[in-house]
Each structure stands twice: as C-alpha cells, then as structure tokens.
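Novice: If you're matching them up, the sequences are chains A and B in order. Numbering-wise, my numbering puts 61 at position 61 of the first sequence, and it's gapless, one number per residue. Plus 118 on top of the position in the second sequence (first one is 1) and you've got my numbering.
Bear in mind the hints are in silico, worked out from the structure with no lab data behind them. C-beta: ideal position from N, C-alpha, C; glycine also. Treat the hints with care, since some could be wrong.
[Stated by the list, open to error] Calculated from the model, a selection of chain B residues having no Cβ within reach of chain A, i.e. all distances over 10 Å:
(1) A269
(2) R300
(3) I335
(4) T372
(5) F395
[Claimed, not checked] DSS-like mimics (lysine-lysine), calculated; alpha carbons at most 25 Å apart, straight line:
(6) B/K279 with B/K236
(7) B/K284 with A/K19
(8) A/K19 with A/K40
(9) B/K279 with A/K19
(10) B/K174 with B/K261
(11) B/K236 with B/K284
(12) B/K284 with A/K40
(13) B/K278 with A/K19
(14) B/K174 with B/K316
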Amino acid sequence: MATEAIRSNVNTLEYYPEKCINCGMCVAVCPHAVFAPNGKAVQVVRHEACMECGACQLNCPTGAIAVDSGVGCAAAMIYAALTGKDEPTCGPDPEPTCSPGSEPDTASCCDTNTSCCG
Amino acid sequence: MEQTPSANRDCGCSLIPRAKKPATERAAEPSPIRTTTSTLTRADRRDHFLARWGYKRNEHRVEPGLYALGNPTPESPVFVSANYTLSFDALRSALGGVDGHILVLDTYGINVWCAAGKGTFGTDELVRRIESTGLGEVVSHRKLILPQLGAPGVAAHEVKKRTGFKVEYGPVRAPDLPEYLRTGAATPEMRRVRFPLKDRLVLVPVELVHALLPLTIVAIGLGLLVGPLAAVGTAASVLAGVVLFPILLPWLPTRDFSSKGLILGGLTALPVALAAFLGSPGAAWWLRAGGVLMYLLAMPPVTAFLALNFTGATTFTSKTGVRREMFAYIPAMAWLFGGGIALTIAVTLIRLLG
Numbered sequence: 001m002a003t004e005a006i007r008s009n010v011n012t013l014e015y016y017p018e019k020c021i022n023c024g025m026c027v028a029v030c031p032h033a034v035f036a037p038n039g040k041a042v043q044v045v046r047h048e049a050c051m052e053c054g055a056c057q058l059n060c061p062t063g064a065i066a067v068d069s070g071v072g073c074a075a076a077m078i079y080a081a082l083t084g085k086d087e088p089t090c091g092p093d094p095e096p097t098c099s100p101g102s103e104p105d106t107a108s109c110c111d112t113n114t115s116c117c118g
Numbered sequence: 119m120e121q122t123p124s125a126n127r128d129c130g131c132s133l134i135p136r137a138k139k140p141a142t143e144r145a146a147e148p149s150p151i152r153t154t155t156s157t158l159t160r161a162d163r164r165d166h167f168l169a170r171w172g173y174k175r176n177e178h179r180v181e182p183g184l185y186a187l188g189n190p191t192p193e194s195p196v197f198v199s200a201n202y203t204l205s206f207d208a209l210r211s212a213l214g215g216v217d218g219h220i221l222v223l224d225t226y227g228i229n230v231w232c233a234a235g236k237g238t239f240g241t242d243e244l245v246r247r248i249e250s251t252g253l254g255e256v257v258s259h260r261k262l263i264l265p266q267l268g269a270p271g272v273a274a275h276e277v278k279k280r281t282g283f284k285v286e287y288g289p290v291r292a293p294d295l296p297e298y299l300r301t302g303a304a305t306p307e308m309r310r311v312r313f314p315l316k317d318r319l320v321l322v323p324v325e326l327v328h329a330l331l332p333l334t335i336v337a338i339g340l341g342l343l344v345g346p347l348a349a350v351g352t353a354a355s356v357l358a359g360v361v362l363f364p365i366l367l368p369w370l371p372t373r374d375f376s377s378k379g380l381i382l383g384g385l386t387a388l389p390v391a392l393a394a395f396l397g398s399p400g401a402a403w404w405l406r407a408g409g410v411l412m413y414l415l416a417m418p419p420v421t422a423f424l425a426l427n428f429t430g431a432t433t434f435t436s437k438t439g440v441r442r443e444m445f446a447y448i449p450a451m452a453w454l455f456g457g458g459i460a461l462t463i464a465v466t467l468i469r470l471l472g
C-alpha cells in the first residue's frame, strides 16, 4: 500500500496520515508539541522541533509514525565511532551482560558485573 | 511496613536468585508494600545536593516496588516512578495531601527520561513490576499515571494488552500534578518541555566537577611550559564551555550548539589575546602576532567542543541534528585547535631559544 508520508529533511520523523486513528497519544506524549489534533487525523505542526525521542512512534498503536530514535548525545556517538560499536548507549554503568530483569543462563552474571551492584 | 530507605545500593542483579527458583514460586510472593510521605527531610535534600554534584552518581536509589503515600484505598490513584531519588522525591513531594500508590520501577538509579531512552523505564519493566507487586490485587481500578517523559520507553497499548492496566501520561513536571488530578487533564503547556535557566543551571555542577581535574592538570602544565597566560586561557575556554555556555545558551546567536560555542569561545579568547598583545611590547611583530593568534585559534574550539557535548544534557537536540553538527564542526574544531597548538609550540620554542 503506497501511503503518503509526511517527511522533512531536518530530521527522520515520518508520519503516515492514512494510518492515523485519531487516538491522540502522539499529541499527549510529545515534549515539543510536534503534533496537534486536526479533525479526523492528527497533523504535524512543528516538524523541525522533533528531537527524535521516539515516544510518538512507540505509543502509536497503528504504526502511523516512524522516527530514527536512539542516543543523541555527541559523547556517546563519538565513543561508539572510536570503539567500533554499533549503537551508542548512555549511562555511567557498562551494560550488564544480563539485560535488566531477564533470566541469565547462569547466576554468574552478577559475579562478573560487580559494577552494576556498586 | 518499612519506612522509605534512603539511597539504597540494591540493584537489579541481586533480585535474580542464585539458584533458579521456578517461575510460579517466585510470582506467588508479592514484594512488601513500603510507606512513604510527601515530606522531604534534610537528609533527602542533602542527597539531592550530592547527586547534583555527581557524588556517587549511581547510588541515589530507592528500592523498587510499591509504596503507599498517605492513606491509600483500593480506589486511590497509582503513580509510576523511576527509582532515582530525585525522580521519586519530585513525585512524592508534589503530592502533598494526596492518598495514592507509587509504583517504583527499577531504573538502576537513573532518571525517568534517560531510563526511558535506554529502555529501562520501559514496557517490560513496568509489566514486570505490576506483576511482582501484585498491583492488580491492591487496587480495584486499572489506571496508571505515568510521567510524560517516560513515554519514549513505554508502549501504552502494549501495557494494556499485557496487564489490563491503562496508561495515562501525566504532566512533564511533577508540580503540575495537583492541577492535573483536579481537572483530569493536562494542558498543552503542561506537556511542553522547556529549558529555563534554572534547569540549565542545575546541570552545571556535575559537568564542572568532571572537568576540574583534567583542567587543573593541563592548566598547570601549560602554565609551566608556556607561561601563566596559557593557564588562564585554558581555564577560561573550559569554564566558558562548562559554566557560561549553559547559562547563556538561548542568547547566543546561532541555532546549533557548536557554533554558539565557537562564538562564546571567540569572545572569551579576545581578552586573553589582548593580554598577550599587551604583554609582549618588545617582541618582533610576527612573534607578537603569533603569540596573539595562538589563543584565538586554540581557545574557541575547546569551548565549542564542550558546547557540542552539552547536547547530551538537553531534551532539545535530535540525534540527526547532533550527527550533522559533529560532521560539520568537528573537523573545523580539530583544525583550529591543531593550528593553535602548533603555533603555541612554535612561539614558545622561539621565545625560549631567541
């Protein structure tokens, strides 16, 4: 289905009005009032204000919004570029090898990751 | 019921048992309900102060789980928070006189916004915490009030599908909660993130603390090798980037942080360059020019680089925008700085030898 997308070359925010069911979640979650209600579907009113946080994309139940969200801090991106990692992450702790709350295969996750336990 | 513990060193890891218990056995034990109040004690304020200055950054935590605020009944509202003390305390101190339940997610001592971006203030953790606390048995309704800035990590429709609880996003700032509760809705202004001076200022101490040691070492080194003005120039360019830039941010002319930083760095370099000019009256014109130019070249990129890094401390800059800035300005910063350092070395050597 070829849907018209609302795009801009300032950022990666894309909006597909035909998929919008007017639930208003994007309007509620956006910290910069990028979206506004407009009758049967929402409207992008401040495209350039989007900071690509991804809240709208995540809370849109129909997938009418797409954006390339992720860590936007220069230090993390520089570090990732220098160390050859794919995706920069934020936070003072190194990533624990067990993702939070998941079941590790062995209990040794906590033995090796003393950093996360202070 | 326990009182709210102060900064608790427990983290997610210790909740995972050493010997794997079967899932059913673990699910049958809901975690204890703790009590909390909306009063901030002197110990709380001290904790906030230390957190703002970067002292033991990851240890400002409260225990995740369910908290009773005031005298809640099964009909009382449920508020969701991160386990960073500043987040938890901002929420409860805004709810004076309110009877409610606070569900604290384990975000490893990280604030709501950063944890949401990282995914730890997320759908999975929320679902997990609802189940482990037995929230469904504690309240008769099925509504959760989440901070709006948790939205980058939480898919409301998915929480509803998995737990039956409906997520409502409350205002960005906790102090707007009483009004939000009274009217049942958030105004557009409550949903807008602003970056006023007060919010910019609280970010300065922790950046300053991190910069102080490297700055002192480099300044002393350059002071000995090149001269006292070099130490002053180093300190000035760093402090301009770390302290002045956050303060002056909206009043600097251009749109992106790097060019704003270059402008501020240039302005900071002018008095230092002037001092270099006035301090070398007897020198040959080209040596004098070099002694002035080295500050004009080396100082602004330092400030600009620190300004570029400040993008990570804001909720305004996009990943695309920062990446664009990096490609546009880092080469320029490197050339300017390299040129300034090369000139500094040349000038210093000529002065020593000549």
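Novice: Check each numbered hint from earlier against the structure, then list the numbers of those it violates in ascending order.
Specialist: As far as the earlier hints go, 1 and 10 are violated by this structure, in ascending order.
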